[in-house]
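Participant: Spelled out from the first residue to the last, the chains are:
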Amino acid sequence: MKALLIDVTRCVGCRGCQVACKEWNELPAEKTRFFASPKGYQNPRDLSSKTWRVVTYNEAQTNGRFEWVFGHLQCFHCIEPSCATACPVSALQKTKEGPVVYDPDRCLGCRYCQLACPFLVPRFEWDKAIPKITKCTMCADRVAAGEEPACAKVCPTDAIVFGEREDLIAEAENRIHRNPRGYVHHIYGKDEVGGTCVLHLSNVPFEVLGYRTDLPKISLREYTKTAMQVVPHVKIGLAVALGAVSWVIQRRIRNGRDEKNGSSSGGES
Amino acid sequence: MTNHWSDMVHADVIMIMGSNAAENHPIATKWITRAKEKGAIVVSADPRYTRTSSFADVYCKFRSGTDIAFVGGMINYALQNDFVQKDYVLNYTNASFIISEKYGFDDGLFTGYNPASRSYDKSHWAYELDGKGMPVRDMTLQHPRCAFQLLKKHFQRYDVDTVCNITGAPRDVYLQVCRHYTSTWAPDRVGTWLYAMGATQHTHGTQNIRTYAILQLLLGNVGLAGGGVNALRGESNVQGSTDMALLFHILPGYLASPTAADQSLAAYLASNTPRTNDPKSANWWGNYPKYIVSLLKAWYGGHAARENDFAFSYIPKRSGDYSWISLFEAMYAGQIKGLMLFGQNPAVGGPNTNKEIKALEKLDWMVAVDLWETETASIWKRPGVKPADIKTEIFLLPSASSVEKEGSITNSARWAQWRYAAVHPVGNSRSDLWILDALCKAVKKEYAAGGVFPEPITRLAWDYGTGEEVDVRKEPDVHRVAKEINGYFTQEKTVGGRQYKKGEQVPGFALLQDDGSTCSGNWLYCNSYAGPEKKDNKMARRSKRDAMNGIGLYPDWAWCWPVNRRILYNRASVDPTGKPWNPKRWVIRWNAGKKQWEGDVPDGPWPPGEKHPFIMKPDGHAWLFAGNLNDGPLPEHYEPLESPLPNMMSRQQVNPAIKLWHKDAPEMNAVGTADRFPIVGTTYRVSEHWQAGAMTRNLPWLAELVPDVFVEMGVDLARQKGVQNGDRVTLETARGKMSGYALVTRRFEPFRHNGKIVHEVGVIWHFGYQGIVKGDSANVLTPHVGDANTMIPEYKAFLCNVYKAKGGAS
Ligand code: SF4
Ligand code: SF4
Ligand code: SF4
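Protein chains in written order, with the working numbering: chain A, 1 to 269; chain B, 1001 to 1810.
Just so you know, the hints here were simulated from the structure itself, not pulled from any lab data. It is possible that part of the hints are untrue.
Claimed, not checked - Computed footprint of chain A on chain B, listed as stretches where at least three residues anywhere in the stretch have a Cβ under 8 Å from a Cβ of chain A:
| hint | region |
| --- | --- |
| 1 | 1015-1026 |
| 2 | 1045-1054 |
| 3 | 1699-1706 |
| 4 | 1733-1746 |
| 5 | 1797-1810 |
Claimed, not checked - Residues from chain B that face chain A, not an exhaustive set, calculated with beta carbons under 7 Å:
| hint | residue |
| --- | --- |
| 6 | K1030 |
| 7 | T1033 |
| 8 | N1725 |
| 9 | G1726 |
As the structure is a prediction and not an experimental result, all values here were calculated from the model. Note that the Cβ used here is the ideal one computed from N, Cα and C, for glycine as well.
Chain A with its partners taken away, still in its complex shape (with noise of 0.2 Å):
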């Protein structure tokens, strides 16, 4: 299975990989403003249905050092995708080879999907008639072909690479051993939610780059078939089907507030 590695201590913040994902992806600009919070360069403030990637800039002191360290939003893809499990019409799907894809053909647009990320990952088309949920795709056209991402593709620091999940894992691992006072002991995407396509490493604390610390180690899938096989249509209230999975609420009420301050999921700490 492949995935991505992305090591923020590598990173610069240069946003190549940014450009490069719109690039490949046909994605089209979005116009922005001057993004006060958290510090004015990153922009557009948070993913969208035209921005699947976005560079986060976060200033911390840690152990006594100050640090302007980068953070990546983007789709994890999952290895057990609750997003493809939520899918009504198995618009979504994890592909063997690593990228879980979606078919927009197929999308009702009922935004399941949405709430049943983790990551908050899918995003509505909503200045379009019919919108769709696009996310993301880890470039499964360019995997399929035998090409990289984009953005690992581009990236100069080989921040981003990509490779089999295993050697990306073992990789990992290795530069820790290396260097164990320059990172924080953790692969983060190695077991959450049941172990992810994409990997961080970091030389700060996980939360500092606003990436959520608070998930199980285990497979969301399970709670997400539950939460939609206990009713037999799809056309069912929200609140019920999701019922079982209470985090996925209190993540979407969080949502829904980070919405309408127009604030982003990254951030500073």
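Got chain A; can you put chain B with the ligands on it based on the hints?
Facilitator: Leaving out everything else, chain B with the ligands in the frame of chain A:
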């Protein structure tokens, strides 16, 4: 760059000062990251904590404009602690040379100063010569007037406390920087020094770079893999355009542009060809006559002959300084009528843009060749003016972008890389080459009808395959241009026993002649296109084969001047017997069996010890003490033109050899003082935008990343000014004001100088009134004042004030 991008991987310590490589040269970080993986220490010295600082092991702040004090202190640290590569310094630098008795230094002034002309008589700083005209040397380095002792004495004054008081660098961090960097004095350790416009754009910019060179020489880091003094150039082909005479004082290949005093080729050669009496000095510039004659042959072909001094009288002679600021001052004074701009946008990029835009309004006509309608091309409709009031007639010629035309670009590492047109130019746009070809043919036609002195135009050798008439369908043959730049034999000629036919490409500059039998548009590029076929275009090579030393020279990838030498001054990477100082990452070495050098292309073929290694210097040695600069043979700290503090080193507040435009041409050249403008201001770029912004503020994907001008300021200053992150703020200097969003950040900290707190703010200068994202141009703030040697404007340090304005962002 003395070295090249991928060479940074060999460094043990990487100093990044006056450069924000991560933002402005992100690809450099590929190699820096790999060096770090191998254990290299990265130091970022910058007034502001940048994206470069974010991956550095040590970040040391210092106030803008105090670079000489900062590095001067490092030089002193190295000298005091004897962290000096002695064999290198003794044999390869002018440390042992005795300096004239007339040399002296007192209270910020070197001897020979004339306050009326604000200039020095440099004869006071000459070497002492013996009866044979050879420099007198003291190989014990003890003579009180040897360059080494003078250097030591000069920099003794830059002790750590003084330096930290001037620069505002925290003492403990500064000492860490000194320790790390000077550790590279050991022959098996090496440090590289990376800089960019943060270092050069000062009234003492040249001397800033001199401090780097001195330190690198003392540590023995020049010529080695992973070492050198490396300018990360500010534009992808700026090295190429400088090589080809972008600047007013040079002709292609760094030949001096003639002045009015050079009334004949002989007079020009007499004042420019260096001489030496030392048989061990290669004195490469002794070849001056061959290079200038070959250049004149390229320009005037059959019209350049010995009888007419090779048409030397046809080329313009300058009668002064035609640098950027001087040109705009002359334009403002009404002395310049017309202006051609190729990809330049002075209304955003020039210093003191309020004045420069006024100067542009005084032109009769202006031609702007660009991809977009820039601010400069649209001064007639800029905010706040009535188009009818602007009399300048402006022509906009749409030009092809880099991916729409074939040709070479030369990167910072001096690699000329050939590129191909990927797509046809959009709409009616044309390549610069087409525009120049058509223009030249049209101008020739005008002069053919007569004129005061038409020959310099009518006799130009001009044939790039498009015929006599301007034809929109015919693209000039860029290969013909490249071949002419390389040069060819203009007649049959025997050199070194080999016969060359007329029209044959010259294989290398050592074969260029001063008798008119060769032409070369740029001697430095001789060897780049060494045969008649496209396959002989070495710039197009793409082999990934490495040289035998395995240090990533990739000699068959593109081509690099001079003669494909990847690391300059590489004869200094070996000891006097030809053994590499560091055998683990050797650049060249002498193979005694084969009696030849191996590795990189050496700085000349002579066996070890036969010639001094710094072949471009008439004395063959690198200059710790440089008697040819306008503002002194040793770097000395002066404050920027506008500074909140008195100079703590001497009573000379500013560089005594700079031209003071506010005195000579006071109109619109006001200088601010600290009572009204107590804050230090600086300007810079971000990764997401490019220069004056035309190429990026018109691209939606880049515009969305940085859609507005922002002003970075520290938390304390923001609190004092009642400014919150995202508020609109106004920045004001004695010359203008502009607004942007406040970015309040801990990355900008105040400086402490002798207990006095000084704040600094920084603003990006990419914006203007055109493009899909617009904003005020920061260059309304910057002054018209330049470096004493190069006249590069002092963009990087000025005085300003900041106020909260109406509005803001969330
Ligand atoms: S391209 Fe690489 S270094 Fe640049 S922001 Fe993206 S991950 Fe970071
Ligand atoms: S991160 Fe969210 S959208 Fe991406 S695969 Fe996992 S559950 Fe699906
Ligand atoms: S993997 Fe492809 S789609 Fe996903 S963030 Fe990277 S470039 Fe964008």
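Participant: Look at each hint and say if it fits the structure.
Facilitator: Status of the hints after comparison with the structure:
1. 1015-1026: It holds: at least three residues are needed, and the region 1015-1026 of chain B offers 3 whose Cβ sits within less than 8 Å of chain A.
2. 1045-1054: holds (count 5)
3. 1699-1706: With 7 residues close enough to chain A, the hint holds.
4. 1733-1746: holds (count 4)
5. 1797-1810: holds (count 3)
6. K1030: Where the cut-off is 7 Å and the nearest Cβ of chain A is about 5 Å from K1030 of chain B, the hint holds.
7. T1033: holds, 4 Å
8. N1725: Hint holds; N1725 of chain B Cβ to chain A Cβ min 5 Å, cut 7 Å.
9. G1726: This interface hint holds because 3 Å falls under the 7 Å limit.
Checked against the numbered hints above, the structure violates none of them.
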